[in-house]
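Let's have the full structure, built from the sequences with the hints guiding it.
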Amino acid sequence: MIEERFDAIVVGAGMAGNAAALSMARQGIKVLQLERGEYPGSKNVQGAILYADMMEKLIPEFREEAPLERHLVEQRFWMMDDRSHVGMHYRSDDFNEERPNRYTIIRAQFDKWFSSKVREAGVTLLCETTVTELVRDERERIVGVRTDRRDGEIHADVVVLAEGVNGLLGTRAGLRARPTPDNVALAVKEMHFLPRETIEARFNLKGDEGVVIEAAGTISRGMTGMGFIYANKECISLGIGCLVADFQRTGLTPYGLLDQFKRHPSVLPLLAGSEVKEYSAHLIPEGGYKSIPQLYGEGWVVVGDAAQLNNAVHREGSNLAMTSGRIAADAIGLVKSRGEPMTATNLSLYKKMLDESFVIKDLKKYKDLPPLMHTHSQNFFLTYPQLISKAMQNFVRVDGTPKVEKENATLKSFVKARSWTGLFGDACRFARAWR
Amino acid sequence: MDAEPSVRVEDKLYYNRYLVDVGRPHVKVRAHTSPSPQLVALLKACPARCYELNDEGRVEVTVDGCIECGTCRVIAEPTGDIQWSYPRGGYGVLFKFG
Numbered sequence: 001m002i003e004e005r006f007d008a009i010v011v012g013a014g015m016a017g018n019a020a021a022l023s024m025a026r027q028g029i030k031v032l033q034l035e036r037g038e039y040p041g042s043k044n045v046q047g048a049i050l051y052a053d054m055m056e057k058l059i060p061e062f063r064e065e066a067p068l069e070r071h072l073v074e075q076r077f078w079m080m081d082d083r084s085h086v087g088m089h090y091r092s093d094d095f096n097e098e099r100p101n102r103y104t105i106i107r108a109q110f111d112k113w114f115s116s117k118v119r120e121a122g123v124t125l126l127c128e129t130t131v132t133e134l135v136r137d138e139r140e141r142i143v144g145v146r147t148d149r150r151d152g153e154i155h156a157d158v159v160v161l162a163e164g165v166n167g168l169l170g171t172r173a174g175l176r177a178r179p180t181p182d183n184v185a186l187a188v189k190e191m192h193f194l195p196r197e198t199i200e201a202r203f204n205l206k207g208d209e210g211v212v213i214e215a216a217g218t219i220s221r222g223m224t225g226m227g228f229i230y231a232n233k234e235c236i237s238l239g240i241g242c243l244v245a246d247f248q249r250t251g252l253t254p255y256g257l258l259d260q261f262k263r264h265p266s267v268l269p270l271l272a273g274s275e276v277k278e279y280s281a282h283l284i285p286e287g288g289y290k291s292i293p294q295l296y297g298e299g300w301v302v303v304g305d306a307a308q309l310n311n312a313v314h315r316e317g318s319n320l321a322m323t324s325g326r327i328a329a330d331a332i333g334l335v336k337s338r339g340e341p342m343t344a345t346n347l348s349l350y351k352k353m354l355d356e357s358f359v360i361k362d363l364k365k366y367k368d369l370p371p372l373m374h375t376h377s378q379n380f381f382l383t384y385p386q387l388i389s390k391a392m393q394n395f396v397r398v399d400g401t402p403k404v405e406k407e408n409a410t411l412k413s414f415v416k417a418r419s420w421t422g423l424f425g426d427a428c429r430f431a432r433a434w435r
Numbered sequence: 436m437d438a439e440p441s442v443r444v445e446d447k448l449y450y451n452r453y454l455v456d457v458g459r460p461h462v463k464v465r466a467h468t469s470p471s472p473q474l475v476a477l478l479k480a481c482p483a484r485c486y487e488l489n490d491e492g493r494v495e496v497t498v499d500g501c502i503e504c505g506t507c508r509v510i511a512e513p514t515g516d517i518q519w520s521y522p523r524g525g526y527g528v529l530f531k532f533g
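Heads up: the sequence lines are chains A and B, in that order. Counting with our numbering, you get residues 1 to 435 for the letters of the first sequence. Counting with our numbering, you get residues 436 to 533 for the letters of the second sequence.
It is worth saying that the hints were derived from the structure and are not from the lab. Heads up, a few of these hints could be off.
[What the hints assert, rightly or not] Sample of chain A residues facing chain B (criterion: CB under 10 Å; computed from the structure):
{"no.": "1", "residue": "V45"}
{"no.": "2", "residue": "E190"}
{"no.": "3", "residue": "G251"}
{"no.": "4", "residue": "Q378"}
Beta carbons: idealized from backbone N, C-alpha and C, even for Gly.
Structural data, given as structure tokens:
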């Protein structure tokens, strides 16, 4: 057993773990952080977009030091059928501001930097160390962790579980259920390298401007899923994810889906001539508010993906992770400053503070949307994209058909596919879930 | 748009870096005579195609190319078909970009 005594152990060095470790160290809490990878970031996978506001709250000067890719000036949403896409683009020069709002990043590089700041603040980091289980005392309180190192048991007053979406330790200790196939998505991603100028020309960018494309439609073959294309400085992150339950049900392969997405006529020209340098996969929490587990207990709190804190509608995860890590650290700091023990009653302060933040408020707002998308995936991801694509083609193609007939044909195609009650029901269901 | 056979996962995994923990696989398949529906699902759902059907019709796992996503755990751990852990510290996939 490691004899050195720590106030807190943080399991994991992703966004949530780093935010928690940093914020605790700054309050004078003695923190040990454990990471199973060779270096922080080597096991972490994300699209990835960094949200400046939440990062600024942790490291205000991050823009000067952090390895950032591009600041986003444009967001594209694509609704795709097999040969077309209907797009909505929002681009604004307002995003070319002194302190840009969103950036693309490469997680392995960013996390390495983030971790250097965490260590500068006084956190002890131990890499290449997999935590295998939580240690309980005779009164069932969590009092530390067991690792795969020799004599690897370490004790602390509180354990912050920032172990990521799989949440293995929490599951093994019975603190929460294992993620289920219908509340996590599997996303696969490739990194496509191209010369900087080529990326800027293809995406209509200058300097460090960036763009993200979020795509949905027939690319997920009726499953609940989305594709994404993010422009980095010298590479493009491209991926697609669908609910694990849908993969299980359909027998479609994730790499097959990724390759079809890459070969889509709207995507192919963006990638032409690229060199792929990495293929990765990751689970994403998709269950929303209703899948949030117990967040605290005797001697422990859970933060980030392990707590299923992901906004599937806005594709936000890392900011919820960072914020939950920071808030957990603040709650622990408050309990400690009062000289009180890390009991469940005292640590419930974390949940109270999190409930008041945007994290839980946003997830609550969309609490009914994940179930709707999951149960009506055929309509929302296959039927409507096809109908809308046809409607657009009908609208723009000039072929001598009177416009009245074109409009009637479009309307008929919608009613035929979904019926009046179906259309009305879908609209109501969607509006109610979005509200 | 259906050309799945052309996708070679092995080629994709070749881009990645791994430190294989030889002789200590972090995922194990329970011995079986005929595979459960969950095990059969893994043949397709695993993004690194670590699961394969052997000549006896049983599902086998080779974890060398595993990218540690946890999909197989979500599908087949509840039924006891597989045992799933993370690799020992420092082993497994090592993302340069992530």
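Against the structure, the hints:
| no. | hint | result |
| --- | --- | --- |
| 1 | V45 | holds, 5 Å |
| 2 | E190 | holds, 7 Å |
| 3 | G251 | holds, 5 Å |
| 4 | Q378 | violated, 17 Å |
Hint 4 from the list above is the single one not met by this structure.
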